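> Each residue of the sequence shown is one higher than the one before, starting from 1 at the first, in the UniProt record's numbering.
Read the hints as simulated data drawn from the structure, not as lab findings.
Given the structure is predicted, the values throughout are model-derived calculations rather than measurements.
Take these hints with a grain of salt, some might be off.
Each computed EDC-like pair below joins lysine to aspartate or glutamate, with the alpha-carbon atoms no more than 20 Å apart [what the hints assert, rightly or not]: (1) K88 <-> E117; (2) K58 <-> E123; (3) K58 <-> E117; (4) K177 <-> E54; (5) K177 <-> E123; (6) K46 <-> E117; (7) K321 <-> E123; (8) K46 <-> E123; (9) K177 <-> E269.
Computed Cβ-Cβ distance ranges for the label pairs, DEER-style [as the list claims (entries may be wrong)]: (10) L223 <-> T331: 16 to 26 Å; (11) P92 <-> L223: 46 to 56 Å; (12) A283 <-> T53: 32 to 42 Å; (13) M294 <-> M335: 15 to 25 Å; (14) T90 <-> T331: 25 to 35 Å; (15) E54 <-> A239: 31 to 41 Å.
C-beta: ideal position from N, C-alpha, C; glycine also.
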Amino acid sequence: MNPLALSLILTTLLAGTLITMMSSHWLTAWMGLEMNMLTMIPILMKTTNPRSTEAATKYFMTQATASMMLMMALTINLMYSGQWSIMKMTNPVASNVALMALMTKLGSAPFHFWVPEVTQGVELTSGMILLTWQKLAPLSLLYQMATYTNTNLIYLSGLLSILIGGWGGLNQTQLRKILAYSSISHMGWMLIILPFNPTLTLLNLAIYILLTLSIFMILTNTLTTSMSSLTLMWNKTPAMTIMLMTTLLSLGGLPPLSGFTPKWLMIHELTKNNSIIMPLTMAIMTLLNMYFYMRLIYYSSLTILPSTNNMKMTWQFTNTKHTMMLPTLITLSNMLLPLTPMISMLE
Numbered sequence: 001m002n003p004l005a006l007s008l009i010l011t012t013l014l015a016g017t018l019i020t021m022m023s024s025h026w027l028t029a030w031m032g033l034e035m036n037m038l039t040m041i042p043i044l045m046k047t048t049n050p051r052s053t054e055a056a057t058k059y060f061m062t063q064a065t066a067s068m069m070l071m072m073a074l075t076i077n078l079m080y081s082g083q084w085s086i087m088k089m090t091n092p093v094a095s096n097v098a099l100m101a102l103m104t105k106l107g108s109a110p111f112h113f114w115v116p117e118v119t120q121g122v123e124l125t126s127g128m129i130l131l132t133w134q135k136l137a138p139l140s141l142l143y144q145m146a147t148y149t150n151t152n153l154i155y156l157s158g159l160l161s162i163l164i165g166g167w168g169g170l171n172q173t174q175l176r177k178i179l180a181y182s183s184i185s186h187m188g189w190m191l192i193i194l195p196f197n198p199t200l201t202l203l204n205l206a207i208y209i210l211l212t213l214s215i216f217m218i219l220t221n222t223l224t225t226s227m228s229s230l231t232l233m234w235n236k237t238p239a240m241t242i243m244l245m246t247t248l249l250s251l252g253g254l255p256p257l258s259g260f261t262p263k264w265l266m267i268h269e270l271t272k273n274n275s276i277i278m279p280l281t282m283a284i285m286t287l288l289n290m291y292f293y294m295r296l297i298y299y300s301s302l303t304i305l306p307s308t309n310n311m312k313m314t315w316q317f318t319n320t321k322h323t324m325m326l327p328t329l330i331t332l333s334n335m336l337l338p339l340t341p342m343i344s345m346l347e
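Let the sequences and hints guide you as you build the complete structure.
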């Protein structure tokens with residue numbers, strides 16, 4: 001892509017998200033979401049092939065439908081209350097329709113069908129933006145709406161997301177689809193804690209973004225997109241393999257890694273609010289995710305590609321991709337647990 005066009009697209013993407021995050025007026029928030037959606041399409045189609053065209057079309061159709069639903073909700077709210085404030089959507093129909101529209105934009109169940117398909121059809125860098133940056137704007141709106149949303153709808157969507165995120169990823173061999181299902185599962189955790197403690201939703205989002213960025217950067221650096229090519233990593237880049245292993249364990253939420261912090265604090269918050277069955281169900285369903293993360297670790301770290309060559313020399317060209325941010329991201333992705341007391345004080 002032309003560097004000038006790419007810089008213009010990325011600036012508009014950044015501006016769209018920031019406009020939505022800083023808005024208190026529904027119309028400007030909606031405009032920011034539209035800017036976000038329209039600039040994402042050329043990013044998805046960075047390499048022109050039938051798969052990326054199909055992915056961009058699916059993305060456009062689902063996001064346009066969600067935008068239309070959101071505008072309908074805003075119009076209903078305007079008719080009944082006469083105001084555009086995000087903090088005051090008093091009409092229950094408008095509130096539920098807006099909630100479903102934002103769930104569709106986030107890709108949480110039962111509006112999740114587009115996420116694996118779109119992620120699989122695009123490049124790793126485009127998939128990385130789709131699964132990290134594109135979550136910020138809709139979640140910032142949900143954060144502001146947290147006080148008057150339909151909690152039963154949120155719990156249902158959250159539990160379904162965790163279940164589908166685990167179940168859907170079990171049979172996958174493509175890494176982008178596995179990360180898409182992982183994203184759906186994490187969205188479930190963020191949604192469920194939203195009515196109880198919105199700050200924990202933001203904490204979970206921040207750590208999820210750190211972990212996903214780290215994994216995508218490792219995969220981009222090693223040019224790996226499927227499970228079968230993961231077996232080459234140990235011969236080629238042993239240090240990267242160890243980094244991938246610890247980051248995947250952190251994404252699964254195992255102590256003593258960073259990914260355990262949000263899950264620990266969320267389960268603590270839910271039990272403090274006399275909700276015992278829900279965190280137990282969530283923790284059990286997350287074991288499905290842990291299973292396919294362990295499978296990835298087995299393929300990358302414990303399997304060596306069968307070869308007649310006794311000398312395990314790398315046969316590929318030296319990778320010229322720069323990974324300046326990777327050491328920082330890996331450190332943050334694995335070593336934030338000691339900061340948990342400080343984080344819990346900020347709630």
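> Which hints, by number, does the structure contradict?
Of the numbered hints, 1, 9 and 14 do not hold.
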